[in-house]
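Q: The chain contents come next:
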Amino acid sequence: MSDLSHFDCEATFRRLNDYLDRMLPPEEQRLVEQHLADCVTCAREYRFEQNVLDHIRGALRRLDVPPHLLRKVSEQLETARKQDP
Amino acid sequence: MSEAIGTAVHDPTFEEQLSPLLAPAYRAARSLLGDRTEAEDVVQEAALLAFRAYDSFAPGTNFRAWFFRILTNCCYGRHRQRRRRPQTVEFEDVPDLYLYTMMQQAGMYTDNANPAAAVLGKMEVEEIVAAIDALPEEYRAVAALYFVEDFSYEEIAQALDCPVGTVRSRLHRGRKLLQQALWKAAGERA
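Just so you know, the protein sequences line up as chains A and B, in that order. The first sequence maps to residues 1 to 85 in my numbering. The second sequence maps to residues 86 to 275 in my numbering.
Think of the hints as simulated: they come from the structure by calculation, not from any bench. What you are looking at is a predicted structure, and each value in this text was computed from that prediction instead of being measured. The reader is advised that the hints may include incorrect statements.
Taking lysine to aspartate or glutamate pairs in the EDC-like style, the calculated list, with each CA pair at most 16 Å apart, reads [what the hints assert, rightly or not]:
{"#": "1", "chain 1": "B", "residue 1": "K261", "chain 2": "A", "residue 2": "E33"}
{"#": "2", "chain 1": "B", "residue 1": "K207", "chain 2": "A", "residue 2": "D18"}
{"#": "3", "chain 1": "A", "residue 1": "K72", "chain 2": "B", "residue 2": "D126"}
{"#": "4", "chain 1": "A", "residue 1": "K72", "chain 2": "B", "residue 2": "E273"}
{"#": "5", "chain 1": "B", "residue 1": "K261", "chain 2": "A", "residue 2": "E27"}
{"#": "6", "chain 1": "B", "residue 1": "K207", "chain 2": "B", "residue 2": "E125"}
{"#": "7", "chain 1": "A", "residue 1": "K72", "chain 2": "B", "residue 2": "E130"}
{"#": "8", "chain 1": "A", "residue 1": "K72", "chain 2": "B", "residue 2": "D218"}
{"#": "9", "chain 1": "A", "residue 1": "K72", "chain 2": "B", "residue 2": "E123"}
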């Protein structure tokens with residue numbers, strides 16, 4: 001059992017992914033934040049993982065979407081609507 | 086509540102719900118299939134299937150998760166048809182904090198506001214897409230939805246029709262596998 005008044009490095013590390021994804025219950029979220037504020041090593045690891053996440057998400061959002069995609073889908077739906085009114 | 090009085094209730098049409106999802110759907114499909122043309126085809130296929138199945142969608146529930154479930158099934162179908170490329174990521178146990186550790190060992194880690202930039206900042210979008218596309222299937226789908234569209238675990242579970250705990254564990258492992266793949270890709274381009 002973890003001491004619910006504070007998290008150590010191991011308890012924080014086990015929750016790092018859920019913390020990154022804001023999936024922790026509020027109390028655990030608070031305890032992780034508290035530990036990250038106090039522990040330079042864990043804070044560095046967290047910052048790195050967040051940074052990796054930001055890079056990947058940022059890159060994928062720059063993927064070009066074909067400009068005609070919306071039109072093609074609309075035309076296709078229009079055709080389907082005529083066939084299956 | 087009172088704001089609703091006298092206001093016409095407008096149920097969004099199928100197209101109104103679908104349109105904003107087409108770009109993220111295309112990006113997710115690109116990550117899942119790795120190919121522009123196939124991604125475009127699969128988004129159109131999913132849109133048509135969703136249109137035809139729209140009667141089965143329960144209004145007020147999560148249209149995004151519902152549509153992405155159709156989309157990922159279409160992507161799986163294409164994978165099965167192709168029985169395609171060999172996996173490029175080994176199905177091995179990858180340590181936590183893989184990229185962080187490798188960068189430290191290689192003397193590339195700098196403790197600044199953007200510590201991953203030394204590796205990821207130089208990578209093309211296509212290299213990141215290829216790394217996701219090379220993940221084993223169960224990790225690839227979770228990663229595509231997670232990284233592209235910022236889905237919650239619950240939404241990914243709905244879209245992939247699996248328990249939230251499965252999403253959590255696949256995402257945890259998928260992240261590590263992806264970091265390993267990105268590190269390898271960075272090494273190959275150096």
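Q: Give a verdict on every hint.
A: Hint by hint, here is what the structure shows:
no.	hint	result
1	B/K261 - A/E33	violated, 23 Å
2	B/K207 - A/D18	violated, 28 Å
3	A/K72 - B/D126	holds, 10 Å
4	A/K72 - B/E273	violated, 38 Å
5	B/K261 - A/E27	violated, 27 Å
6	B/K207 - B/E125	violated, 27 Å
7	A/K72 - B/E130	holds, 11 Å
8	A/K72 - B/D218	violated, 25 Å
9	A/K72 - B/E123	holds, 14 Å
Figure legend: structure checked against the earlier numbered hints; hints not met, in rising order: 1, 2, 4, 5, 6, 8.
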